[in-house]
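So the chains spell out like this:
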Amino acid sequence: MRAIGIILAGGNNHRMKELAQKRAVGAMPIAGSYRSIDFALSNMSNSHIQKVGVFTQYNARSLNEHLSSSKWWDFGRKQGGLFVFTPAVTAEGSFWYRGTADALYQNLSFLKNSHEPYVVIASADCVYKMDFNAVLEYHIAKKADITVVCKEMPQGVSVERFGTVKMNEDSRIEEFEEKPIMAKSNTISCGIYVIRRRQLIEMVERCAEEGRYDFVNDILIRYKNVKRIYGYKIKDYWRNIATVQDYYDTNMDFLKPEIRDYFFKQYPDVYSKVDDLPPAKYNIGAEVKNSLVSSGCIVNGKVENSVIFKESFIGNNCTIKNSIILNDVYIGDNTYIENCIVESRDTIPANSYHKGENGIEIVIERNARYVL
Amino acid sequence: MIKKEMIAMLLAGGQGSRLGVLTSKVAKPAVSFGGKYRIIDFPLSNCINSGIDTVGVLTQYQPLRLNTHIGIGIPWDLDRNIGGVTVLPPYEKSGGSEWYSGTANAIYQNLAYMESYNPEYVLILSGDHIYKMDYEVMLDFHKANNADVTIAVMPVPIEEASRFGVVIADENKKITEFEEKPEKPRSNLASMGIYIFSWKVLRDALIAMKDQSGLDFGKHVIPYCHENGKPIYAYEFNGYWKDVGTLSSYWEANMELIDLVPEFNLYEEYWKIYTKSEILPPQYISSDSKIEKSIIGEGSEIYGVVYNSIIGCGVVIGKGTVVRDSIIMNYSTIGEDCQINKAIIAENVNIANNVVTGEGEEVPNEKAAHIYTDGLVTIGEKSEIPANVKIGKNTVIFGSTEIGDYPDSYLMSGKALIKAGE
Numbered sequence: 001m002r003a004i005g006i007i008l009a010g011g012n013n014h015r016m017k018e019l020a021q022k023r024a025v026g027a028m029p030i031a032g033s034y035r036s037i038d039f040a041l042s043n044m045s046n047s048h049i050q051k052v053g054v055f056t057q058y059n060a061r062s063l064n065e066h067l068s069s070s071k072w073w074d075f076g077r078k079q080g081g082l083f084v085f086t087p088a089v090t091a092e093g094s095f096w097y098r099g100t101a102d103a104l105y106q107n108l109s110f111l112k113n114s115h116e117p118y119v120v121i122a123s124a125d126c127v128y129k130m131d132f133n134a135v136l137e138y139h140i141a142k143k144a145d146i147t148v149v150c151k152e153m154p155q156g157v158s159v160e161r162f163g164t165v166k167m168n169e170d171s172r173i174e175e176f177e178e179k180p181i182m183a184k185s186n187t188i189s190c191g192i193y194v195i196r197r198r199q200l201i202e203m204v205e206r207c208a209e210e211g212r213y214d215f216v217n218d219i220l221i222r223y224k225n226v227k228r229i230y231g232y233k234i235k236d237y238w239r240n241i242a243t244v245q246d247y248y249d250t251n252m253d254f255l256k257p258e259i260r261d262y263f264f265k266q267y268p269d270v271y272s273k274v275d276d277l278p279p280a281k282y283n284i285g286a287e288v289k290n291s292l293v294s295s296g297c298i299v300n301g302k303v304e305n306s307v308i309f310k311e312s313f314i315g316n317n318c319t320i321k322n323s324i325i326l327n328d329v330y331i332g333d334n335t336y337i338e339n340c341i342v343e344s345r346d347t348i349p350a351n352s353y354h355k356g357e358n359g360i361e362i363v364i365e366r367n368a369r370y371v372l
Numbered sequence: 001m002i003k004k005e006m007i008a009m010l011l012a013g014g015q016g017s018r019l020g021v022l023t024s025k026v027a028k029p030a031v032s033f034g035g036k037y038r039i040i041d042f043p044l045s046n047c048i049n050s051g052i053d054t055v056g057v058l059t060q061y062q063p064l065r066l067n068t069h070i071g072i073g074i075p076w077d078l079d080r081n082i083g084g085v086t087v088l089p090p091y092e093k094s095g096g097s098e099w100y101s102g103t104a105n106a107i108y109q110n111l112a113y114m115e116s117y118n119p120e121y122v123l124i125l126s127g128d129h130i131y132k133m134d135y136e137v138m139l140d141f142h143k144a145n146n147a148d149v150t151i152a153v154m155p156v157p158i159e160e161a162s163r164f165g166v167v168i169a170d171e172n173k174k175i176t177e178f179e180e181k182p183e184k185p186r187s188n189l190a191s192m193g194i195y196i197f198s199w200k201v202l203r204d205a206l207i208a209m210k211d212q213s214g215l216d217f218g219k220h221v222i223p224y225c226h227e228n229g230k231p232i233y234a235y236e237f238n239g240y241w242k243d244v245g246t247l248s249s250y251w252e253a254n255m256e257l258i259d260l261v262p263e264f265n266l267y268e269e270y271w272k273i274y275t276k277s278e279i280l281p282p283q284y285i286s287s288d289s290k291i292e293k294s295i296i297g298e299g300s301e302i303y304g305v306v307y308n309s310i311i312g313c314g315v316v317i318g319k320g321t322v323v324r325d326s327i328i329m330n331y332s333t334i335g336e337d338c339q340i341n342k343a344i345i346a347e348n349v350n351i352a353n354n355v356v357t358g359e360g361e362e363v364p365n366e367k368a369a370h371i372y373t374d375g376l377v378t379i380g381e382k383s384e385i386p387a388n389v390k391i392g393k394n395t396v397i398f399g400s401t402e403i404g405d406y407p408d409s410y411l412m413s414g415k416a417l418i419k420a421g422e
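These protein sequences, in sequence, are chains A and B.
Here the first sequence stands for residues 1 to 372, where the numbers follow the working numbering.
Here the second sequence stands for residues 1 to 422, where the numbers follow the working numbering.
No wet-lab data here; the hints were simulated from the structure.
Hints are supplied without guarantee of correctness; some may be wrong.
Derived pair list, reagent style PhoX-like, types lysine-lysine, alpha-carbon separation capped at 20 Å [claimed, not checked]:
1) A/Lys273 x B/Lys276
2) B/Lys25 x B/Lys419
3) A/Lys273 x B/Lys272
4) B/Lys173 x B/Lys210
5) B/Lys419 x A/Lys71
6) A/Lys143 x A/Lys227
7) B/Lys276 x A/Lys256
8) A/Lys224 x A/Lys143
9) A/Lys143 x A/Lys17
10) A/Lys289 x B/Lys290
11) A/Lys302 x B/Lys290
12) B/Lys342 x B/Lys290
13) A/Lys321 x B/Lys419
14) A/Lys273 x A/Lys71
15) A/Lys256 x B/Lys290
16) B/Lys293 x A/Lys302
17) A/Lys289 x B/Lys319
18) B/Lys293 x A/Lys289
19) B/Lys342 x B/Lys382
Could you put the whole structure together from the sequences, leaning on the hints where they help?
Right, dumping it as structure tokens:
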């Protein structure tokens, strides 16, 4: 293969509110049985990238558990494999990753010891399918120094939390603004980059010398007039999950047949860690409408327009509406839940009532499974 | 030198002909069970849960699906540096080759495999029962009694005992007599086909009896040990144990999983059952569907109504279809507006729209009245069923069928429609 992969999964995100307390955004559960990093990992595996480094920092327990074996994404190979880099105390220093470029710099030997000519950099908080070979071909054809995968957002969608770009007619990026207060363009950077490995090493080393740490601000934006930076437009489904509303909407997208068809039925597949769980069980009183239900669930009540993750128990006479129930949640009898995201391993006592009145409510309860 | 205290030999070579077309292309241990499992998952999970990490799986009849399922044993944690799972098919020998001609003959032909692990005890299992059992407890019993052979037995109602091999044991559980399918049973302890042998006793018996044709544990090896005064003990097991050797017992055992708190519970943390899980999305239940008392596998899409049924992985059930009291295995598709009653539908079956099964009176099956019983409609793997046909009770369909195969669009009760090779 011509490229190695790098997945930046270190960041925390206050826009995820309480959901980010428990895990890095890359480990957010998606669509019933996936984690958001599965999409980047599967895309790399399906693009025949054999060597992938995952950079983690913020609360990586959940993510590390998910990555405990590389075999699920077919990275359990003698050639290449899955490498996880967390900050460490070394002879040179004991810093956290002070930014994305710093994370690369602190693990520069990973880049230096590879022999593949290119690097594909992706983030762990996006839901999409992509053949990175196509981007690489484009990168080579444009004789680009860096290629940035971009997405044109529909008019009216707020893009202020992304990096926005403006390209010329040759798709060369002329303007790049990170999280602008007033966006000048509706085209955003998806956080996916292709760059020559030696070029990346050189840039990251220079960044470190100058005491700069961020890939976007200190490399992309700083070099945009010096280096040939091109945009590659993604036309298919792409969604970032890094706010509560986006996370909710992305999960709800999977209730649409065309989205399920695109991700679940069309080649290539999305891979994830497989748990040893029995099939879902529906007892008397179950009434499930337009919902996704994952394995290991036991349903006794009503579920409507919802996504139920693995191993959840829904008690008698419950109503779950327009909600997301994360893994291993116990919901006691006669509970009503609407417009909510219920955090994983919650124990919701019987006769509870939760309704998100102004937007989505995040329900966090103690795990009291064994005192019930 | 490699040393394992106990290794298991799992007999998985049988056809299981009483499962009819379900086993025409796969060995019985590879038949689906309970939505996502296969029958062999139960003894394999029991092995690893009991701390047995060396398992030889003896295959012979239609082994392809079994081999791909077992692989190198990853799902059961049986991919080991030393030991693990080994598939043992019959092989060619310089002095003339033979198939496995009986249960004990199969073990005899793999003496070299067992010797290489230098075991103290050998556990003999069969791949056709649904149960959870700690073999280590049975081994403790074997050791405590200084037994040479221990047979797991199960109390059955005395009126049913005549269907089994029964053992007669004294108050210390030492076996004094055997009776194979007795007319008037003197005991209600039925043999479960699970044996622990002390390795030397097993080896000597197999070598001494090697020329017996169709060498069988129940018929030859155990009686031989008994005649030679080897102490044989009966280990009584009182948990859930189900033989799924016939279509009706297979159907019943599946249906028992649906109970509110089933006797055989797959949802307990303790004693998990492992299987080769594919990476599949969650199941989708549409706005028009209704599901009660059912188990449904990953990746299935339900647009219809499902009552009291076991649905495997990747199954599609169309809008307006009602499925009752049925088993639908992995990757089968049921069209729209069908009525599926009491059917066993194997893997990768395609049923077109507006098909009705289980219509009419019960009539004994014309081809195999003892197999296709209890009003069940059995459909073999990869079968195709055209639209707008009705199918009667005690019927069997196998292969790609067309509307012309159904006179007046109706397959009468008791008919067999077999268009694929057996």
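We went through each hint and held it up to the structure:
Between A/Lys273 and B/Lys276 the alpha-carbon distance is near 12 Å, which keeps this suggested pair within the 20 Å criterion. Restraint check: the Cα-Cα separation between B/Lys25 and B/Lys419 comes to about 13 Å, which is no more than 20 Å; the hinted pair holds. Taking the CA atoms of A/Lys273 and B/Lys272, the gap is near 18 Å; set against the 20 Å cutoff, the hint holds. For a cut-off of 20 Å, the pair hint linking B/Lys173 to B/Lys210 is broken: about 29 Å separates their Cα positions.
Our distance criterion of 20 Å between C-alpha atoms is broken by B/Lys419 and A/Lys71, whose separation comes to about 41 Å. Distance restraint check for A/Lys143 and A/Lys227: the Cα-Cα separation of roughly 11 Å lies within the 20 Å cut-off, and the hinted pair is therefore satisfied. Of the supplied pair hints, the one linking B/Lys276 and A/Lys256 is violated, its CA atoms being roughly 29 Å apart against a limit of 20 Å. Between A/Lys224 and A/Lys143 the CA atoms are separated by roughly 15 Å; this keeps the pair inside 20 Å, and the hint holds.
This hinted pair does not check out: A/Lys143 and A/Lys17 have alpha carbons roughly 41 Å apart, beyond 20 Å. For the proposed pair A/Lys289 and B/Lys290, the alpha carbon gap of about 8 Å is at most 20 Å, so the pair holds. Taking the CA atoms of A/Lys302 and B/Lys290, the gap is near 11 Å; set against the 20 Å cutoff, the hint holds. With a C-alpha separation of about 18 Å, the suggested pairing of B/Lys342 with B/Lys290 holds against the 20 Å cut-off.
For the given pair, A/Lys321 sits about 48 Å from B/Lys419 by alpha-carbon distance, which is inconsistent with the 20 Å threshold. Proposed proximity of A/Lys273 and A/Lys71 is supported: the alpha carbons are some 8 Å apart, at most 20 Å. For a cut-off of 20 Å, the pair hint linking A/Lys256 to B/Lys290 stands: about 19 Å separates their Cα positions. Restraint check for B/Lys293 and A/Lys302: the C-alpha separation of about 14 Å stays at or below 20 Å, so the hint holds.
About 13 Å separates the Cα atoms of A/Lys289 and B/Lys319, which keeps this hinted pair within 20 Å; it holds. The hinted pair formed by B/Lys293 and A/Lys289 meets the criterion: a straight-line CA distance of about 16 Å does not exceed 20 Å. As the CA atoms of B/Lys342 and B/Lys382 are separated by approximately 19 Å, the hinted pair is consistent with the 20 Å bound.
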